[in-house]
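Engineer: Generate coordinates for the entire structure from the input sequences, incorporating the hints supplied.
Okay, so the sequence shown: first residue is 1 according to my numbering, each after it adds one.
Be aware that a few hints might be false.
[What the hints assert, rightly or not] Computed list of lysine-lysine pairs in PhoX-like fashion (alpha-carbon distance at most 20 Å, straight line):
id, residue 1, residue 2
1, K593, K655
2, K621, K586
3, K655, K621
4, K586, K721
Calculated from the structure, these hints are not laboratory results.
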Amino acid sequence: MAQSEPPAVNADLAIDQAVGSENIVVDDKDPIPSAEPPKHLLPGVARVEVAAAQLDKPKQWTLFTSILLFGFAYGMDALIRTTFVTYATVDFGNHSLITTVSIVQAVIAAAIQPSVAKLSDAFGRFEMFTFGVFLYTLGTIVEAVTINVAGLAAGAVIAQLGFNIFILSLDIIIADITSLKTRLFFTYLPNLPGLVNTWISGNVTSAVLTNTTWRWGVGMFAIIIPVCAFPLLVLMFLLERKSRKTNPGHRYPSLQSFGKLAWEMDWIGIMLLTSGLALLLTPLTLAGGSSSKWDNASILTPVVLGFLTLVCFIFWERKTPYPLLPNYLLTDQLVWWCILVTILSSAVYVCHVSYLFTLLIVSYDFAIGPATRIASVSGFTNALSSLAVSLLVIKVRHLKGFIIAGIGLALISFGLTYHYRGGTAAQHQHMGVLIALLFTSTNMGAAIGSCISGAIWTQTLYEELSQSLAPFGNSTLVPLIYASPLTVVPEYPVGTPIREAIIESYREIQRVLAITCLAISVPMLAFSLFLRDPRLSDLQTQPEAEEKAAEDGNRRQQSSGTSAWPLWGGEIAGPDSGPEPPFPIKLSGPVIKGFGRGSRELGIPTANIPPQGLANYPDLKSGVYFGFVGLRLAPHTSTSVYPAVLSIGYNPYYKNETRSVEIHILHHFVHYNFYSSPLNLLILGFIRPEYDYESVEALVADIKTDCQVAARSLQRPNWDKWRGDEWLSAFDWALVVTTRR
1 MAQSEPPAVN
11 ADLAIDQAVG
21 SENIVVDDKD
31 PIPSAEPPKH
41 LLPGVARVEV
51 AAAQLDKPKQ
61 WTLFTSILLF
71 GFAYGMDALI
81 RTTFVTYATV
91 DFGNHSLITT
101 VSIVQAVIAA
111 AIQPSVAKLS
121 DAFGRFEMFT
131 FGVFLYTLGT
141 IVEAVTINVA
151 GLAAGAVIAQ
161 LGFNIFILSL
171 DIIIADITSL
181 KTRLFFTYLP
191 NLPGLVNTWI
201 SGNVTSAVLT
211 NTTWRWGVGM
221 FAIIIPVCAF
231 PLLVLMFLLE
241 RKSRKTNPGH
251 RYPSLQSFGK
261 LAWEMDWIGI
271 MLLTSGLALL
281 LTPLTLAGGS
291 SSKWDNASIL
301 TPVVLGFLTL
311 VCFIFWERKT
321 PYPLLPNYLL
331 TDQLVWWCIL
341 VTILSSAVYV
351 CHVSYLFTLL
361 IVSYDFAIGP
371 ATRIASVSGF
381 TNALSSLAVS
391 LLVIKVRHLK
401 GFIIAGIGLA
411 LISFGLTYHY
421 RGGTAAQHQH
431 MGVLIALLFT
441 STNMGAAIGS
451 CISGAIWTQT
461 LYEELSQSLA
471 PFGNSTLVPL
481 IYASPLTVVP
491 EYPVGTPIRE
501 AIIESYREIQ
511 RVLAITCLAI
521 SVPMLAFSLF
531 LRDPRLSDLQ
541 TQPEAEEKAA
551 EDGNRRQQSS
561 GTSAWPLWGG
571 EIAGPDSGPE
581 PPFPIKLSGP
591 VIKGFGRGSR
601 ELGIPTANIP
611 PQGLANYPDL
621 KSGVYFGFVG
631 LRLAPHTSTS
641 VYPAVLSIGY
651 NPYYKNETRS
661 VEIHILHHFV
671 HYNFYSSPLN
681 LLILGFIRPE
691 YDYESVEALV
701 ADIKTDCQVA
711 ARSLQRPNWD
721 KWRGDEWLSA
731 FDWALVVTTR
741 R
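Structural biologist: Encoded structure:
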């Protein structure tokens, strides 16, 4: 058989070969049949990799300029649409239902995020972004022409679907083409127009509501959004078209794969999560008002059904092979701390701002323009602080300190809001908040925050108004103010007894909301202290994890036997500068017969060499390493060099009593028996300690991840150059090698 060619430079090909090959034979058994073909990337991922490679500097500038333009449009919409929706609910006589609409939006958005990511991988970034813009435009039109709250909610849900699809698509695109240390900056790039939008948003809302109605304020974005998205759509289309021409195999999924894709999207889980959250949270904002409805079956029944549905969701996610959140992530404490911090930060933000515009109009006597600007000032602080922090992160390369500082500032801001609540004397002071985070957990937090503020509003405001306005003997005034505060309250000027009584009622509501926000922020600060603080690299994926992650992973293995890699972290081992002492380490010897389980039991064949050479390295600890091997295969007299991952130790899962050196070569061989072949091993780096496992599946999962880490690590220039080291070809013995055909 002819000698195999050296491994391809492409790391993904090397990985595919490493985890898919079962053809290396290291004992006297018959060779294992030829391996199945390497797994290919999903079409959407494959096309974007080709497209990213085409992005020279001019195209990058064009791309990010287009993103800025689009960010200006949807950022302005996000700032002022809430104002128009508030007037819409007042127009329909259901002002308190603002949070009900928000809950439905947030619940839908939280549930669809994982599916959007999977669809983006399958169909492509351009296709999903286009679909998101279409849905957003359609939902906006529905909102603008609706005649009741139900239609408003339906349009809001459709628009929210579109918003989350195109926002997540943008984030995925940015992640595709940026490194870890610059990703935060470019992720916040669409927010930069908020530095301008915040101050002109009030003028826009005033002009719209003075000259027309809220319908045009909402509907105009059905024109603005597509127009501002057009340059970005054109650029993405051209890149994708060139990608298809370059790689014609990267087409859409076949019809046969649609069924599997639907299951992988976990549509049953999406339905259970969406309906469960909606049934549980929405009734909390509907009860209350002119008369308590908690004794009404129409309120209690959805709450009970929502709880039961969420129980079914948890049970389903534990059993389904394609859960919304992969099970291995649920074993990582870091994931849970991030989720908790994100949910609470979003909840406290939404709880604070849901009725802020109304409070500014009623309690502080602001005009529409200033009220809009103050309610939107978080967009300005978000854009300004995110710009500054993202630039600092590029230099510092750590995030945890900024997260803790941000939560601390939020606590201070809510304290100021509580202290200066209500009254017209402080109308231009102490109204700001700084919190912004991300997707699924953000939207779940938004749903919870809307639920909390809506429940407080509906359960408390009507009673407070009734008590404050009781001395005036006007029985019709309370329900009018409760349903349409923005039109009724301005009829009573500031300083009149009725207006002061109204302000006192809203002052109490703001007090309760401020206390609630403070109460939520305290555990959020506590949770943030448990976050790990890895150093962010220049690479697209996270480098090797902190030593603490390794220790946590080791303890987790000893207690549960599950895969260590969710805790261990990254996809790169060692610094970009190359091997550090004590590496490189040199071992050599003939390939000897091993335990015979690599190929047959694990599907990951190994070539063992005698462990005697380890005596020269008494401090070398047991674990998984990577490097290059020089291998001389008969009938050839030349040497072939291959990347490799290896285990040095006792293999706790198999309870070996003697130390062994087991090498898995990252190359696809066909029907070779390596027994007695001379092999030189150049160890360049350490990946992880060796662990015990409760199942062979967990062991295999970690070995495959080790292969990925080794292949990616050795691809870097300062590591790849070691494949030319003369020692790999320095054989001073000759052994007989048999070749099986």
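Engineer: Now tell me if each hint is right for this structure.
Structural biologist: Here is what the structure says about each hint:
no.: 1; hint: K593 x K655; in the structure: holds (18 Å)
no.: 2; hint: K621 x K586; in the structure: holds (15 Å)
no.: 3; hint: K655 x K621; in the structure: holds (17 Å)
no.: 4; hint: K586 x K721; in the structure: holds (16 Å)
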